[in-house]
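Once you have looked at the hints, place chain R on chain A.
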Amino acid sequence: MTTSKSVMKQKDRVLTAKIIKGVVGKKLPETFQTNQNDEKLPTKVNNDDLEITKSTSVKRKWFFPALVILSSLFVGGIILDVVLNIIQTRPWLGYPIALVSVGMISLASYRFREFLLSRKRVQKLQQFKSRLMEIQLDHSILKQTEHGEIALPEIQDIFKEFSEHLPLKFSVNYPAFLSSIEPHHELDEVIKLYEIMVLTPVDVAAKQLIIQDATKLSGIVAISTLPLIDTVATFWLTQRLLKKLATLYGYPALSSWYLMKSSFNSALIAGGSEALIQLSTDDLLSGLSEKISTRIAQGAAAGVLSARLGFTAQVFLRHLPFAEKQPSILKQISKELKQQLIS
Amino acid sequence: MKGIFIKKSISNLLNETQKQLKKASSQRIQIGVTGLSGSGKSTFVTSLITQLLTANSVAKLPFVELINENRWLGAKLSNHENGEYMRFPYEESVHNLQQLDSWPNPTTRESRIVLELTYIAKSSIWSKFWPERTLEIELIDYPGEWLSDIPLLDLDYFAWSAEISTNLKPFRDFDEAKVFKKKILSLHKAIQSGKDEPVSENSIKYLQVVEAYKSWLRAIHDNTNQYVILQPGRFLSPGHLENTPLLNFFPWDLNQFPLNEECSIIPLLKNRFRTYQKKVITPFLTDFFSGCSRQVILVDLVNAVNGGKEEVNKLQQILKNVFKIHDYGTNNWLRRLINPNIEKILVATSKADLLPPDQHRKMQLLLSSLLTNEIDTLKQKGCSYNALAISSIRATENRVISENGHDIQAVCGRLEQVADDQENWVTVIPADFPESVKLLEVKNGHGLQNLKFSPPQNWRLGKDALPHIRMDQVIDFLVGDLMG
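Sequence lines, in order, name chains A and R. According to our numbering, the first sequence is numbered sequentially starting from 1. According to our numbering, the second sequence is numbered sequentially starting from 1.
One chain only, chain A, in its complex shape (with noise of 0.2 Å):
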């Protein structure tokens, strides 16, 4: 709706006769503002109210730290002392070699670095879920906002600090979203937004790297004759599958290691497990193993393994937790994995 100035001056004007009064009614103020700037933000906020509730969790706080430190004064300690012994014997080759050691070690630093923020992002991002299911009647309203336990402006900073982190042709759709919303969008409406603006791009993109993954395992273990390279396979397409949904999902520094522990426990305390077990290969395998040798069946099996694994770290990856039961997700993927199998 366009507006010229004059016009937004008369509309300014408060039509006394009509305010309503009364039980139900508000008076009106003599003087008052209008705040132009607020209107995407309607709702009030008390900051002090907001702060995301921090695990109370300390259980073993000190071991991580204290065993990173001394392990890192260990190995230090001995990098030293061979750098040094060099020295004194080959100058000439031991600092070309202190300054290898000291470029490795700043490295090493700087990705550990990376990966503690990663962790410390992706831990808040499971208490920013466990706080969103808590608070979710069911999968499309939530409490009314008045109470303070979860505000607009909180939102769209978390959202804000997620996408932020994303690869740049998903980021590039929170403004997007950030426009879309309207004053009259609900937290829950908002929260829908984001899911359909700026996380579906990056689920389809993950549901697409599970699948290539799972299929090319299930390739590979049909084709191989040693059991040896399955493992090998297993483990180093696994490996990948994870760092590369890691790295769409925004924690692209998070270890493959951690990625797998971490989903794991997660879906164990979520009773994501459930939907795990529930779904087993014969899903798939059903008249699967009619049509095709049982070597390929075998493949087959391992992708869905492969497929199951990927998604539970997705499921703990992602910005939100799914709206859609998970079994029906996990059918779908399996469906498009048996399709891709066939074909």
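Please note that a few of the clues may not be correct.
Here are the computed lysine-lysine pairs in the DSS-like style, where the Cα-Cα straight-line distance is at most 27 Å [stated by the list, open to error]:
1. Lys344/R x Lys331/A
2. Lys192/A x Lys379/R
3. Lys381/R x Lys331/A
4. Lys216/A x Lys122/R
5. Lys192/A x Lys169/A
6. Lys335/A x Lys244/A
7. Lys192/A x Lys122/R
8. Lys344/R x Lys192/A
9. Lys192/A x Lys362/R
10. Lys169/R x Lys183/R
11. Lys122/R x Lys335/A
12. Lys122/R x Lys244/A
13. Lys169/A x Lys60/R
14. Lys122/R x Lys331/A
15. Lys129/A x Lys362/R
Calculated from the structure, these hints are not laboratory results.
Frame of chain A, contents of chain R only:
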């Protein structure tokens, strides 16, 4: 020569195959737009068409997943109407909005319009060969007054007469009511005296009573904001039945004007009533509801809340009657009659723009609370249901007013009719909307009853987005699943 013939044959074959493939890849659904008079059906249909037509250009529809996934190709008005029904006057409605600065004209008779939506199917084996698909949606609009006729199917003539006489009691001080009483009294006297025996439906006195009754109904309809069941609904919006003998009857209150059973007017009125049931109400239900797999039920909840608890209760009763049509789980006469196959029902409280955004949730909660049992039944039968607070065309803007450090939500809009010395732009702080009937006091309305805002100024089709509230969610709910 032979070569040319073969080439032509192959070309024809290819064209025919292409046509058949296109036909096979398109589907058609009917969407019924239901709602009482004044609930904004015409505006809803106009907005829905406009949003779909401009989805690729100016419309803001972030909730339509198809558009976000870049699978939306376009929409156009189809020419496939079979001519049996009146076409929805879309162009006239747009003209009203663009040129006359007025809302679309209210619906006076049943009308339909077909839209052709083209999209790209999601990846599947079939879509690799034929990705482009078409979905035809037929929107059916009809006067809300016709909805009040549904309960008539359960009544006989005298039961209806007694019921309508009670319903219309509060409006007996209308001039038209006095005229009606006078005319019926005159007819009664004539019958009693035996002068005009036997009374025919073409006699002047009889027709005068019919006309007086129609005028009374019209006067109530035009002069009150309350929910009143005005029957027969066709007396207010006759559609193509105007001036036909089908509408030549009126209620006869035997308590007020006693008659002998042998009196000839009784079979006449009874017969006319039965014919109305059989030839007007039944075909309306079969034509309208049997083909619609998706329904939109529009409710003007703000108006009802303005009227207080009694009005909301009346609205609830009317909505329950509407839902009876969809109660296809029980083996009742309606089920046998119309056998509807409703997949989705959207109940929308229109005119959400009269309230600031922080009150929309309450509107939805109140609406859902009015229909708790009906929703449960529908869900049990596997029918999808959604309740939304919408505004087909948003006429107001939101304002945040600061008062003593507190922000108050308000709406600002241009009034439709104002006195010369008044500003037409007003900012209003509406009262808190009750989220349940319990919170609604009998005497306290919502206080917006006199405010009628004008449609958005300077809007041009195709150049500006038609402002709305949640029409994108409406579109996604109604057709999103069909375009997978």
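Going through the hints against the structure:
1. Lys344/R x Lys331/A: holds, 25 Å
2. Lys192/A x Lys379/R: holds, 23 Å
3. Lys381/R x Lys331/A: The hint holds at about 25 Å.
4. Lys216/A x Lys122/R: holds, 24 Å
5. Lys192/A x Lys169/A: holds, 20 Å
6. Lys335/A x Lys244/A: Holds, because 22 Å separates the two Cα atoms, which is no more than 27 Å.
7. Lys192/A x Lys122/R: It holds: about 21 Å lies between the C-alpha atoms, which stays within 27 Å.
8. Lys344/R x Lys192/A: holds, 21 Å
9. Lys192/A x Lys362/R: holds, 19 Å
10. Lys169/R x Lys183/R: Holds. Lys169/R to Lys183/R sits at ~17 Å (cutoff 27 Å).
11. Lys122/R x Lys335/A: holds, 15 Å
12. Lys122/R x Lys244/A: Given pair Lys122/R, Lys244/A holds - Cα atoms ~24 Å apart, limit 27 Å.
13. Lys169/A x Lys60/R: holds, 22 Å
14. Lys122/R x Lys331/A: Given that 27 Å is the threshold and the Cα spacing comes to 17 Å, the pair holds.
15. Lys129/A x Lys362/R: holds, 26 Å
The structure shown violates none of the earlier numbered hints.
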